[in-house]
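**Student:** Kindly produce the complete structure, drawing on both the sequences and the hints.
If you read the sequences in order, they're chains F and S.
Read in order, the letters of the first sequence are residues 13 to 317 in the numbering used here.
Read in order, the letters of the second sequence are residues 13 to 317 in the numbering used here.
These aren't lab readings, by the way, just hints derived from the structure by calculation.
There are no misleading hints in this set.
Copies of one chain are not kept apart here, so a pair can be met inside one copy or by any two copies together.
Straight-line C-alpha distance at most 30 Å; calculated DSS-like pairs for lysine-lysine:
no., residue 1, residue 2
1, LYS288, LYS66
2, LYS96, LYS125
3, LYS109, LYS66
4, LYS257, LYS96
5, LYS125, LYS109
Protein chains: 2
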Amino acid sequence: MSFSVTILGCNSALPTSARHPAAQVVNVSERYFLIDCGEGTQMQLRKNRIQFSKINHIFISHLHGDHCFGLIGLISTYNLLGRKSDLHLYAHSELEKVLTPQIEYFCTNLDYKIIYHPTNNVSNSVIYEDKHLTVTAIPLLHRIPTCGFLFREKEKPRHLRKEMIDFYNIPIRELQNIKAGADFISDSGEIVANYRLTTPATHSRSYAYCSDTEYSEAIIPAIKEVDLLYHEATFLSDLVDIAKKTGHSTAEDAACIAFKASVKKLIIGHFSSRYKDLSQFTDEAKKIFPQTELAREGKIFDIMS
Amino acid sequence: MSFSVTILGCNSALPTSARHPAAQVVNVSERYFLIDCGEGTQMQLRKNRIQFSKINHIFISHLHGDHCFGLIGLISTYNLLGRKSDLHLYAHSELEKVLTPQIEYFCTNLDYKIIYHPTNNVSNSVIYEDKHLTVTAIPLLHRIPTCGFLFREKEKPRHLRKEMIDFYNIPIRELQNIKAGADFISDSGEIVANYRLTTPATHSRSYAYCSDTEYSEAIIPAIKEVDLLYHEATFLSDLVDIAKKTGHSTAEDAACIAFKASVKKLIIGHFSSRYKDLSQFTDEAKKIFPQTELAREGKIFDIMS
Chain F
13 MSFSVTILGC NSALPTSARH PAAQVVNVSE RYFLIDCGEG TQMQLRKNRI
63 QFSKINHIFI SHLHGDHCFG LIGLISTYNL LGRKSDLHLY AHSELEKVLT
113 PQIEYFCTNL DYKIIYHPTN NVSNSVIYED KHLTVTAIPL LHRIPTCGFL
163 FREKEKPRHL RKEMIDFYNI PIRELQNIKA GADFISDSGE IVANYRLTTP
213 ATHSRSYAYC SDTEYSEAII PAIKEVDLLY HEATFLSDLV DIAKKTGHST
263 AEDAACIAFK ASVKKLIIGH FSSRYKDLSQ FTDEAKKIFP QTELAREGKI
313 FDIMS
Chain S
13 MSFSVTILGC NSALPTSARH PAAQVVNVSE RYFLIDCGEG TQMQLRKNRI
63 QFSKINHIFI SHLHGDHCFG LIGLISTYNL LGRKSDLHLY AHSELEKVLT
113 PQIEYFCTNL DYKIIYHPTN NVSNSVIYED KHLTVTAIPL LHRIPTCGFL
163 FREKEKPRHL RKEMIDFYNI PIRELQNIKA GADFISDSGE IVANYRLTTP
213 ATHSRSYAYC SDTEYSEAII PAIKEVDLLY HEATFLSDLV DIAKKTGHST
263 AEDAACIAFK ASVKKLIIGH FSSRYKDLSQ FTDEAKKIFP QTELAREGKI
313 FDIMS
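**Tutor:** Right under this line is the structure:
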C-alpha cells in the first residue's frame, strides 16, 4: 500500500524558471490527493506522469495566488478531457465566490460537479474521511486564514497469529473482533488474551503539510510524531524579521517545530525566489533537525509502513 | 534594430508536459510585446530570460483559457515586483469584466494601472501606434470573437547619399524632407530628383499572428507579403472536419494562407496535444509552402532588415 508525497512546486509567491509555486500530490494506495494548486500545476502533473483522473480531492491551504492560480486551468482541462466524476475542493469559503464566475465564463457546459468544502480556520477539524484515511485541517498562522492538512491512515487491524487461531479453534465470526483487539472467550468460559492471538497492527502512517505559516507552536500537538512533515521555510534565519512580518518561517523555525513535534522526517519548501543555492536551507535546518530534506520538484517521498 | 519573435508556448487547449499553451513575445528594438498569455507564461518568460519590466503591452487574441489563464499570475507577480508603470491590455471588452474581480481579490493594493483597450472584432483596426510601429487587430474566424495581430514597422526614411548632398550643398533644414522622399529645389530653381539624393529606405518589417482561426481567406489582404506569419495549425489535414467544427486550421490550411498571401516565412503552432511527433506538421505544410517552420518553445525567429 503506497503512501507517498510528490513535490510539484516548491517555491513561494514569485516563481523562478526552475521552481514552480506550491503544489504537491499525496498518493495513498493509488488514490491521489492534490494539495495546493499554483500556476502550472497541470503541466507539472503531466511532467510527473500523475494521472489526472485519479485526483478527486483538492486541498487549498489559503487563497494567495501562488497556492491556487492553477485551479482554473486544471478545472478547464478536466472539462476538455470529458471528466464526469465530482471534484471536491477543500478551501476557505471564499474560493467558491472567486472561482465560480471564472468557471461560468471559461468552462461552458461543465460536465462534472464541483463540490466545495469550506475549511474551518479556527480549530483542528476532520474535513475528509474514508475507510482508510482522515484528513484534518490545522489552522496555521499567516496573513490570511490558512490551513495545514494532516493525512493520517486510520488504525489498522492487528495481525492474526494463524497457529493460535487454529489452536483455540476460533470461529470465523470472531476474527474481526479479535483483529480489532478483543480477547476471545471460549464456550467453556476460558479467556484468551488478545496479545496471544495477534501481533501488533502495521503502523498507521501520517503526513502533515504546513504552509504558509510563521513559527507557531500551536500546531505541535496536531502534528506530534508524524512520519513526514512538510513545513514551509521561505527564508533563512538572517531574514527572520521579514519572515515574521510576512507571516512566514525560516529554515530554523521549521526545524524547531519538527524537533519539538518529534516528527520522523522534515521536508522544507516554499523558498523565496531570492535564493539560488538551496543547500543553505538544509545546512541551517539540519543543525537542529538532522532528518531534513529539501523539497525539489519531481521528488517523491515514500512513507514506509 | 532587433525585430524578433520568441515562442513561449506552442500548444492548444490541453498543455502537455513539453508544450505550454499560447504565448509569445515580439521584440521590437528591445521593447517587448506579449501576445497571448496561457497558463505558465510568467515561468516561460523567466526561462527564456525575457525581462518582465520591458513588457508594457499585452495582446490577447481571444478569451479562451489557453490564451489568457496566465494573466492573473503575471499581473500579481508584477505587483509583488513593485511595478509602477501602466500595463496595457488589448483584448475583447469582456476581459476587464472577468479579470477585475480576480485582481481585486488577489492583488490588494495594486500599485500600477491596468489600461484596457477593447479590440474591435469586426474589421481591421490599428490598436497600437508609436513612432516606429503599428499593431493592427485582424478579425479571425473562430468560435468566439478573436483577433490576430499584425506588427508592422512604419515606413523608414530613405538613406541620404552624402556625396550628393555635399555636391548640391543642400542645407541641413532640407534633409528631413529629402529623407521623406521630397525632391530638392535649389535657390536657382534647379530641381534635383529625390532618387539622385537618396537610396531606398531600409525595409519595414512585419509580423502577423493569426491564432485561433479556421481557414479564412478574408485575412489575406491584411497579411499580404508579411515577413513572418504565425498561423495556427491545430490539426493535420486528416482531421480537417474536426478543425472546421472547432474553428481551427490544419497545417495544409496554414500553408495555403501563407502561399496565397505571399508571405516570406510561415511558423505553424497551436498543436493539438494528440500529436507527439510534430514533424508531420512541417511535412504537410512544406508541400504547399516550403518556407515553413515549427513553433517550438524557446525558439527565436529573427526578422532581418
